[in-house]
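Peer 1: Below, each chain spelled out in residue letters.
2 protein chains.
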Amino acid sequence: MTTGEEKAVLQTKATTCYTKIEDGSIVTPKGFSADGVHAGLRYSKNDVGVIYSDVPANCAAVYTQSHFQAAPLKVTQESIAKEGRLQAIIVNSANANACTGEQGLKDAYEMRERCANLFNIEKHFVAVASTGVIGEFLKMDKIRQGIDELKPQASKEAAVEFQQAILTTDLVMKTSCYEVVIDGEKVTIGGAAKGSGMIHPNMATMLGFVTTDANIDSESLQSALKEITDKTYNQITVDGDTSTNDMVLVLANGQAGNKQLNEKHPQWNDFKAAFQMVSEELAKQIAKDGEGATKLIEVEVTGAKTKQEANVVAKKIVGSSLVKTAVYGADANWGRIICAVGYSEASVEPEKIDIYLEDLCLFTDNSPQAFSEEAASEYLKKDQVKISVNLGVGDAAGKAWGCDLTYDYVKINASYRT
Amino acid sequence: MTTGEEKAVLQTKATTCYTKIEDGSIVTPKGFSADGVHAGLRYSKNDVGVIYSDVPANCAAVYTQSHFQAAPLKVTQESIAKEGRLQAIIVNSANANACTGEQGLKDAYEMRERCANLFNIEKHFVAVASTGVIGEFLKMDKIRQGIDELKPQASKEAAVEFQQAILTTDLVMKTSCYEVVIDGEKVTIGGAAKGSGMIHPNMATMLGFVTTDANIDSESLQSALKEITDKTYNQITVDGDTSTNDMVLVLANGQAGNKQLNEKHPQWNDFKAAFQMVSEELAKQIAKDGEGATKLIEVEVTGAKTKQEANVVAKKIVGSSLVKTAVYGADANWGRIICAVGYSEASVEPEKIDIYLEDLCLFTDNSPQAFSEEAASEYLKKDQVKISVNLGVGDAAGKAWGCDLTYDYVKINASYRT
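Quick note, the sequences are listed as chains A and B, same order. Here the first sequence stands for residues 1 to 418, where the numbers follow full-length UniProt numbering. Here the second sequence stands for residues 1 to 418, where the numbers follow full-length UniProt numbering.
Hints listed in this document are in silico derivations from the structure and should not be mistaken for laboratory results. The structure presented is a predicted model; accordingly, all values stated were derived computationally and were not measured. Certain hints may be false.
[As the list claims (entries may be wrong)] Here are a few chain B residues that sit away from chain A, every Cβ distance over 10 angstroms (derived from the structure):
no.	residue
1	GLN77
2	GLU122
3	GLU136
4	ASP217
5	THR325
6	ARG336
7	CYS361
8	ALA414
[Said to hold, decoys possible] Quick look at which bits of chain A chain B covers, simulated, 3 or more residues with Cβ under 8 angstroms:
no.	region
9	29 to 42
10	187 to 193
11	217 to 226
12	267 to 279
13	401 to 407
[Unchecked claim] The calculated lysine to aspartate or glutamate pairs, modelled on DMTMM-like cross-linking and capped at a C-alpha distance of 25 angstroms, are:
no.	chain 1	residue 1	chain 2	residue 2
14	B	LYS381	A	GLU136
15	B	LYS411	A	ASP331
16	B	LYS139	A	GLU351
17	A	LYS106	B	ASP354
18	B	LYS106	A	ASP331
19	A	LYS411	B	GLU351
20	B	LYS411	A	GLU122
21	A	LYS74	B	GLU378
22	B	LYS386	A	ASP365
23	B	LYS106	A	GLU281
24	A	LYS106	B	GLU351
25	A	LYS20	A	GLU281
We put the beta carbon where it would ideally sit given N, CA and C, even for glycine.
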């Protein structure tokens with residue numbers, strides 16, 4: 001049920017090549033600092049933030065596959081295209097600066113320039129990110145003032161200021177940090193993310209920022225990010241809506257002092273395993289904090305013909321409005337699960353499918369199983385539930401994460417702008 | 001903005017080749033009768049129904065594209081395969097007889113046989129349809145009793161008994177009837193449908209039944225059904241979930257006495273136009289009665305490169321949870337509309353798009369437009385709203401229909417089985 005590559009990861013897990021840093025953040029890797037301030041785009045919460053690296057860092061990025069990339073994404077891509085390195089990321093919340101035409105692009109350039117001036121660095125070392133309402137112009141007077149007030153520090157408190165500054169309808173901050181020893185040197189990977197609605201990433205997520213002091217070339221970093229994005233950020237969904245502003249940025253400043261990482265490095269898989277853990281934790285935190293959500297839903301699909309099909313089926317199940325409402329109602333209505341499998345485009349045969357809620361078998365041998373509705377309902381009341389589906393037609397596996405669909409999702413989104 | 005074919009339909013509309021029969025139904029075409037009874041699958045409402053034709057009728061059918069077609073669909077396909085004709089359709093609600101393995105298939109065959117015996121007709125002249133909960137076995141004792149009680153009549157009251165028997169979470173009955181004069185003979189087309197949740201048809205819809213006394217060969221009828229299904233049933237969505245039981249069946253018994261219809265008949269487009277009206281009205285009625293819905297949303301896309309792309313974009317917009325909740329909240333959050341255009345796979349250029357709410361322009365010339373939020377909000381409070389998007393890159397047009405996403409959708413689906 002596991003491929004060779006996955007076994008390798010499981011084995012490295014077994015030998016715990018990486019360690020979770022419970023109170024770690026984006027400033028835990030050496031040479032990174034951050035800050036966030038209240039500029040007045042939101043009523044009282046922070047709304048402008050920055051991540052800063054003491055030296056230009058190698059970088060990697062993935063962006064939304066929407067046809068309508070927001071202005072900040074265009075500016076960020078232009079920055080990275082120049083030299084492949086970044087030293088600062090300037091972010092605002094409350095306004096996505098998307099579908100804002102020429103004015104929007106001008107504003108994103110101004111954010112980049114003002115941030116570059118603040119740190120006296122080249123413009124193309126600055127990335128720009130925005131999140132919030134689509135189609136309104138930025139209040140640049142407030143943004144300017146906010147940027148000028150930023151004073152990045154390497155403290156936990158400063159990281160929290162940043163984490164707060166990137167939230168919109170999010171209820172909780174999303175952060176994760178892991179460390180892995182490479183060439184005898186401690187390499188740390190920290191991440192921060194936001195995302196609660198309009199979450200159905202395609203090749204990227206809402207905003208995700210990962211810092212690491214690893215010494216790694218940009219090409220290898222991009223390759224690892226792409227591979228990991230497909231297994232993590234791209235496997236979450238809240239409402240099936242792909243944003244115009246999705247972006248994950250990774251900065252690697254090399255301060256850890258390990259030998260340069262690439263595919264041929266003997267510990268390449270160790271680095272990737274830790275990087276994947278940070279990404280998976282951020283992705284799950286976004287799914288769990290989905291708008292109106294009361295719980296995280298994890299769907300694991302095994303026995304698929306290909307990994308891609310396993311991922312597709314898992315995401316179809318976790319994205320089904322009917323599955324999401326059934327989980328909210330603690331109703332083990334597995335017919336909706338098999339229905340979602342049925343309309344996915346994967347190779348499936350109804351008579352070979354098994355469906356489990358944790359250890360409880362709901363469907364096997366092409367027949368509904370007698371199970372305790374009470375036990376199933378009790379299980380579904382937990383704040384984290386797992387649905388397992390074995391397709392029985394192959395060896396490949398995949399996972400996806402989402403959340404339940406609740407009254408509060410409707411409430412939040414029926415009045416988002418008011 | 002309209003293709004040649006659409007212009008032809010518009011022209012026939014202008015000369016009103018067809019007439020709406022306000023109180024018409026599936027028994028208005030000559031030679032059809034129907035009935036519905038309460039067999040005990042639901043608490044008090046009708047749950048077993050039948051449509052009967054005095055003579056074997058030519059037929060056409062489209063089915064769900066789910067990998068998991070329910071047992072009744074398999075039996076119906078087997079019936080039609082034998083001779084291409086049907087004389088009766090036996091239907092039950094409350095239970096979909098889907099994912100029920102060998103027992104389910106046996107039960108569907110028994111329904112077919114019992115119905116054939118009731119009318120003393122060949123088994124393969126009977127189609128079987130079921131709708132309701134997935135994964136539970138039919139209570140066959142009740143079904144048997146229900147079938148035996150059926151006494152089809154050609155009265156309006158009998159048609160209503162049938163229309164009620166096919167509903168599940170539907171709040172209203174769906175029916176439509178048009179008449180068109182072909183070769184000097186009055187040809188009538190009547191339809192009944194059900195559908196409220198798990199509505200995102202792919203090649204078919206939830207249950208739809210169309211009767212006509214037209215004289216038409218099965219091949220031409222199938223070709224017209226396929227073409228019309230793509231523009232009507234396949235363009236509605238309630239929750240993005242495609243059912244295991246979707247099916248539209250059309251019976252044409254030839255009693256009108258027109259010369260046999262086919263593509264070469266000079267009035268082929270007249271017949272298709274009337275047939276399309278019946279199908280579009282049924283589709284819109286299903287969308288408007290979507291689970292928890294308070295209003296019908298129509299999305300019209302013009303200026304697309306191809307009709308298929310116009311349809312895809314229209315369906316993406318009307319299917320977006322964020323658009324649906326915004327409409328429920330009477331919030332003209334057009335950013336969510338353009339976002340849905342952006343993640344569709346159609347050829348689009350942001351700077352060429354216009355977005356309108358009825359006559360109110362929200363976005364054009366690549367810029368948000370100043371508009372009266374009050375006027376927009378008032379408009380969105382109507383029980384039928386229209387969103388128009390001109391992509392500005394071609395001549396093709398398409399429409400889709402859906403409904404708003406409300407607290408009641410969550411309420412209904414968090415407790416469907418209880």
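Peer 1: For each hint, tell me whether it holds in the structure or not.
Peer 2: Each hint tested on the structure:
no.	hint	verdict
1	GLN77	holds (16 angstroms)
2	GLU122	holds (29 angstroms)
3	GLU136	violated (7 angstroms)
4	ASP217	holds (32 angstroms)
5	THR325	violated (3 angstroms)
6	ARG336	violated (7 angstroms)
7	CYS361	holds (13 angstroms)
8	ALA414	violated (3 angstroms)
9	29 to 42	violated (count 0)
10	187 to 193	violated (count 0)
11	217 to 226	violated (count 0)
12	267 to 279	violated (count 0)
13	401 to 407	holds (count 3)
14	B:LYS381 / A:GLU136	holds (23 angstroms)
15	B:LYS411 / A:ASP331	holds (12 angstroms)
16	B:LYS139 / A:GLU351	holds (22 angstroms)
17	A:LYS106 / B:ASP354	holds (22 angstroms)
18	B:LYS106 / A:ASP331	violated (28 angstroms)
19	A:LYS411 / B:GLU351	violated (32 angstroms)
20	B:LYS411 / A:GLU122	violated (54 angstroms)
21	A:LYS74 / B:GLU378	violated (36 angstroms)
22	B:LYS386 / A:ASP365	violated (47 angstroms)
23	B:LYS106 / A:GLU281	violated (48 angstroms)
24	A:LYS106 / B:GLU351	holds (16 angstroms)
25	A:LYS20 / A:GLU281	holds (11 angstroms)
Going down the numbered hints, you'll see the structure goes against 3, 5, 6, 8, 9, 10, 11, 12, 18, 19, 20, 21, 22 and 23, while the others check out.
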